[in-house]
Amino acid sequence: MKHVVASLVLSLFSGIAAAQAYPTRPVTLIVPFAAGGPTDIIARITGEYYSKTLGQQFVVENVAGAGGTTGITRGAQAKPDGYTIMMGHMGTHGAAPALYANLKYDPVKDFQPIGLVAGTPILIVARKDFPAANLKEFVAKLKDPAAKVKQAHAGVGSVSFTTCTLLTSQLGVKNIVAAYRGTGPALNDLIGGQVDYMCDQIVNLVEQVKGGSIKAYAISIP
Amino acid sequence: MEFLGHLALGFATALSPMNLLLAFIGCLVGTLIGVLPGVGPIATIAMLMPLTLKVDPTGALIMLAGIYYGAQYGGSTTAILLNIPGEVTAVVTAIDGHEMAKKGQAGTALGIAALGSFLAGTVATLVIAAIGAPLTKLALLFGPAEYFGLMVFGLGLAIVLARGSVLKAVIMVVLGLLLATVGTDLETGQDRLTLGIAELSDGVDFAVLAMGVFGIAEILRNLEHPESRDVAVSKIGRLLPSLGDLRRSLGPIVRGTGIGSVLGILPGNGAVLGPFASYALEKKLAKDPSRFGRGAIEGVAGPESANNAGAQTSFIPLLTLGIPPNAVMALMVGAMTIHGLIPGPQVMLKHPTLFWGMIASMWIGNLFLLIINLPLIGLWVRLLKVPYRLMFTTILLFCAIGIYSINNNPYDVYFTAFFGLAGYLFIKLGLEPAPMLLGFVLGRLMEEKLRQALALSEGSFLTFVERPVAAGLLVLAAAVMVIAVLPAVSRSRAKAFQE
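Chains W and S supply the protein sequences, listed in that same order.
Just so you know, we're using the working numbering here: the first sequence kicks off at 2 and counts up by one.
Just so you know, we're using the working numbering here: the second sequence kicks off at 1145 and counts up by one.
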């Protein structure tokens, strides 16, 4: 569901001429999130291979802030010569226009897509002793107002938030929702049993599911 | 004793020549970069993480952990010498550490910080090895309501931190709380108090605020009276703590280690409270609390130990739950993932050599830090003799580079300059920045936890009474505030009667 795309700044004139020799100097790869996050990891791993294949260093520059829009704005304003590329994703190029009133870039017009790098599926997970054995029972619980099911999410606009919001709006249910800043604290309270369920990217949850400290009901296919 | 077997496995891994070398390089590089004013552990690890990509995962993590301790210790060095705390936990060190430096006791302060950190690190390593895994269960008892109680308790400490007027401390705490509300609202995603500046939508960065109100403000004040400053630092004094210093520091080190170890285990970034709690405790226990804030060695020894113990035990939630408790640990998760290891409850079982090797390397790293830093103290202290007109320009330059490197954002540099001017104003008004920084750090967490607790209880405040741990912490917080305020109240009343 969440696609990570490498986007290239639109290069109308220089693009073709430079295509023969590109790249002749190091390329800046802007990651619009902090070092160590899922997007950064994907950029660093693939960046290694760009460097090896193309014979020039691809330097990852983390420009974090405002849900990734700070870094993408910086990239959109860079010289469109192909030496500034970005690792965008569903948040920066899909959700951002709906969430940020003063977005300084047009996700479609201001960029030239290069390619799809990776897709990360989303999991619906619950605390390990939540009284529902499968997705069907889980949905029944969600629909039962007396069950007072508590949902955690990683922040308004995050993948964790949009996925679970889609789920509850499709089912037409309203449950108790607690907002957290990031997956870490939300997951902590899920493992501790303070909340009942959450949705998030598989990379953030898989080890806890395997270890049995939480259980998974469903996976989305990207 | 199962844990002896684990430690043996760990040391067997960590003592391999390659891993020893990596731990040493990590500590050295971390110290050298961390000692630059404005460059804290987060910036240091983020900058140096690519260096570790070529090494095997165990070695890479050992090196990163070394960079972390090194940068943390380097941050204390700038806090003591230049009054520039690189991160939250060094704020407390700056209070008495810099006063000691002004009195010509910089070497003693740096020495006791290194020794205290080493002892705390040794104890914390044993704590992690022996009871790390069971302690995790305790940490999970802490839900939003309990964290809220803990944060309120922390605010009580802010009042104890105050050197002078309690009223002024309260004003600064409230200012810190207000600054913490700048940024995106947790539940609605709306911008709050950002004045329409997009760069403020993630709130004010701690490093920006600390660097401004401590570092830049200190420079402005020194420039006002350059002569008095040069006199103050021209006498260097002894480089290592005397026996008397050590005797006075032993209690604070032991207590600080205990406090730091326990708070570090809490996944909700409880480690930040460690140094503050230790300082408040030592001030309360001291025969003459008025020495605190004027260069009391206990005010350096206790918090530094708490800081280092917490820095280490904060690895427990990462290694056992797979949850990073703070920004540095989040970077470690990234590093582990790049090496194909996803941190989680199974790391301990699936990769025992990595897990125990890393824990053993913590102790080795602490030993290296001591070995690297004791000889360097003389060098750092001599740096103070550099003429101020050269020094302050260099500090400003490094501050600007360090601040910029955190988010690669020029606005952060402007904000730092702004807070520098604000900090200068505070000095002129006799307001202390430390309570403000504590309020700032706790404010964001406190608001989050309060709103989460209320969301989960469907708006019922009874949740803070019904949950025993939360209720207990709130009672404790009330007690601390009463104890802290009462003497001040009775003093001022006594004064009023005299007049």
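Derived from the structure by calculation, the hints contain no laboratory data.
We put the beta carbon where it would ideally sit given N, CA and C, even for glycine.
Heads up, a few of these hints could be off.
[To be verified] Below, a sample of chain S positions facing chain W; criterion: calculated Cβ distance under 8 Å:
1) A1156
2) M1193
3) E1602
[What the hints assert, rightly or not] Pairwise CB distance ranges, derived in the manner of DEER restraints:
4) W/P114 with S/L1367: 49 to 55 Å
5) S/T1325 with W/T54: 18 to 24 Å
6) S/L1620 with W/K129: 27 to 33 Å
7) W/E138 with S/L1195: 47 to 53 Å
8) S/R1336 with W/I177: 43 to 49 Å
9) W/K149 with S/T1325: 25 to 31 Å
10) S/I1515 with W/T54: 55 to 61 Å
11) W/I177 with S/L1620: 26 to 32 Å
12) S/A1156 with W/K211: 24 to 30 Å
13) W/A141 with S/K1428: 39 to 45 Å
14) W/I220 with S/G1603: 32 to 38 Å
15) S/L1606 with W/S170: 45 to 51 Å
16) S/L1573 with W/R26: 32 to 38 Å
17) S/I1571 with W/K211: 53 to 59 Å
Does 25 to 31 Å hold as the CB distance between W/K149 and S/T1325, or does it fail? holds, 30 Å
Distance restraint evaluation - S/L1573, W/R26, Cβ atoms, bounds 32 to 38 Å: Given range 32 to 38 Å: violated, Cβ gap about 52 Å.
W/K211 and S/I1571 - C-beta distance against the hinted 53 to 59 Å: holds, 54 Å
Kindly confirm whether 47 to 53 Å is satisfied by the beta carbon distance between W/E138 and S/L1195. The hint (47 to 53 Å, Cβ to Cβ) holds, given that W/E138 and S/L1195 are roughly 49 Å apart.
The hint names S/M1193 as touching chain W; please verify it with the least Cβ-Cβ distance against 8 Å. Cβ of S/M1193 sits 6 Å from chain W, so the hint holds.
Measuring from beta carbon to beta carbon, are W/P114 and S/L1367 in 49 to 55 Å? Holds, since W/P114 and S/L1367 (Cβ atoms, about 52 Å apart) stay within the stated range.
Cβ-Cβ distance between S/L1620 and W/K129: within 27 to 33 Å? holds, 32 Å
Range agreement (Cβ of S/G1603 with Cβ of W/I220, hint 32 to 38 Å): With Cβ atoms ~34 Å apart, the hint holds.
Range hint compliance [Cβ, S/T1325 to W/T54, 18 to 24 Å]: Taking Cβ atoms as reference, S/T1325 and W/T54 lie about 47 Å apart, which means the hint is violated.
Taking the closest Cβ pair, is S/A1156 under 8 Å from chain W? Violated. Min distance 26 Å.
Within 39 to 45 Å: is that where the Cβ-Cβ distance between W/A141 and S/K1428 falls? Violated, since W/A141 and S/K1428 (Cβ atoms, about 55 Å apart) do not stay within the stated range.
Hint check for S/L1620 and W/I177 - Cβ pair distance inside 26 to 32 Å: holds, 29 Å
Checked against the numbered hints given earlier, this structure breaks hints 1, 5, 8, 10, 13, 15 and 16; the rest are met.
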